[in-house]
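Using the hints, position chain B with the ligands against chain A.
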Amino acid sequence: MREELFVSGRNLPNIDPHLHAWHWPIPVYLFLGGLAAGLLFFASYYTILGKEKTMPTVVKWAPFIVPIALVVGLMALFYDLTNKLYFWRLYTTLRLESPMSWGAWVLMLVTPLSMVWVATYIKELIPSWDWKFPIIENTIEWFAKYRKVMAWILLPMSIILGIYTGILLSAFNARPLWNNSILGPLFLVSGLSTAAALIIWTSKDHAERLLFSKIDLVLIGIELFIIVHMMMGFMAGPSVQLEAAALLFGGAYTVVFWVFVVILGLLFPAALEIAELMGNKIPVAVPAIMVLMGGLIFRFVMVEAGQITRYLY
Amino acid sequence: MRYGMAIDTLKCVGCADCVVACQTENKVPIGYCRDWITETVDGTYPLVEVELRSERCNHCENSPCVRCCPTGASHIIEGGIVLVTPEACIGCSACIESCPYDARYTHPSGHVDKCTFCHHRVEKGLNTACTSVCPTHCIYFGDLDNPRSDVSLALKNRKYKALAPEAGTGPQIFYLI
Ligand code: SF4
Ligand code: SF4
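Protein sequences, first through last, are from chains A and B.
Every number in our numbering is 1188 more than the matching position in the first sequence, counting from 1.
Every number in our numbering is 437 more than the matching position in the second sequence, counting from 1.
Don't read these hints as lab results, they were simulated from the structure.
Don't take every hint at face value.
[To be verified] Which residues of chain B face chain A? A partial, calculated answer using Cβ under 8 Å:
#	residue
1	Glu476
2	Leu484
3	Cys536
Cβ coordinates follow ideal geometry from the N, Cα and C atoms, glycine included.
Isolated chain B (complex conformation):
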């Protein structure tokens, strides 16, 4: 089992509903976020391409944040989800420095926090909050090893990319292009 996510950049309208859903579901402190929307503008007029993306922790297969953590607070659980145990985190920020996606931030109470793939929901067979709430249904979540999961079906017939694969971390979030 290997959880992953596919996000359709052609369907995303950048409404930031996923951001708000995550903040509500996970009680993210006000002013912080575990996911966010990026707008990329590429090219010169009149040949300009705009891409909207919902971004978050990539739950990297080869996760540098887990490797550099001196206390083991950052760890990988079943299904490849990367989590932080707040009571084991000393707030050394090594994992923040090691993440090429800047996916982690320091929670006001001192520990480091980030996207959890809503593992508390996923355990019960639910989708992540961002997936459930997206009005354009552009986020697909599920088991990458299961060919019939939403995410595998979404990746099957479309071209897709990951962000900064050259960083070598093995991101598990894919963008349909």
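Only chain A is shown next, with the shape it has when bound in the complex:
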């Protein structure tokens, strides 16, 4: 038997009995950031391919969600800071060692760029729209000429944004559940998959929906593969990682992870999408919502469970 006790009154809020310094805003932000990254990736990718005409939802409509998601996500992040008045300090330094620092800078660039992207399409989608001031109108028209350039900038940025949501966690080697190098790619793929699901859900174009059903299926496949890979990594790891993995295998987070993330968030919607591709009638919203919920719950599980895992005590 091994037991450790605190003799002195160590009752630090949010740390004892176990660490809980990051609350619900963090997983919500990670989800919205991943979703926004995925949507931007698809929008810029198909713009570069010159598919604006045939892929209206992907290139023109879905990106409207991006600035909203990013602003709500940033508000959530801001809400979780305990020293809010000093938040501007993030932008007086750039520290490449700190994922949070370069993530903040990437967001600083991507958020306004995504707003410009959306603005260049507003007049096209809502013909009665009036910008009121000619200077705004002219600026936006100027930007509209350079959509391809913006797409080339946004494509790598969206990948960085998507992968950073995972690297943010994996950089913490004090939390064995997070400390594995596959988390970045896993969060990126999951973000792309939630974005694909949202596109399927909102698209009115049959061909577009069909294509994204296929894309989402592939992404779900990759995601499952990475999850297995991550589990095998834990199993081959030191005892702290085995203890971390035990949370997902018989521990407190087993049911949420396997039932809500893997079965209801990945396998079941994948089965529905296959059924649809084989010609059965499935309401598109169902698998799409399941993938989105699964993606959100996945981030909650990772953030909450990760904070329980540790080296001492």
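Then chain B with the ligands, alone, in the frame of chain A:
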């Protein structure tokens, strides 16, 4: 110069004087602490070992808290002491998440706080508050690079360990066993 601390687990009686001294010296808000006492019980009766330890920030050589800090509020000063500048800290808690020793907490005024190795005293050549106050003299503090410092002499003839060295942070607090 590299400040470090050695704590004799055989002499520590777990009185928590170091905790109180720190709270007083550093005006730690009521209900919080920068150091604390752990009692480890290992084994099965009748072969039971009890170890008492005074724990705090390890002023890690390879400090993850400094690395992950997005604003540079967490930094290392001369002598390897890890400090937080309250006016630069945004309270993102990244450093709390990154510390394997759970040595940091959020101060009620919003910034993150932790043991400073009493650098304001050390600068003047004094010992840390916890070292000065310990009734059993079980805490040794000083320059690890100086072979004649209290801490180097304490480590010289005794077996010692650090906590969770496998976390890879290079802790600078050693426990004499
Ligand atoms: S013990 Fe924790 S807070 Fe102190 S230097 Fe090491 S990682 Fe940072
Ligand atoms: S909470 Fe403060 S000291 Fe800690 S990482 Fe964030 S900004 Fe740096």
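When the hints from earlier in the document are held up against this structure, which numbers fail?
-> 2
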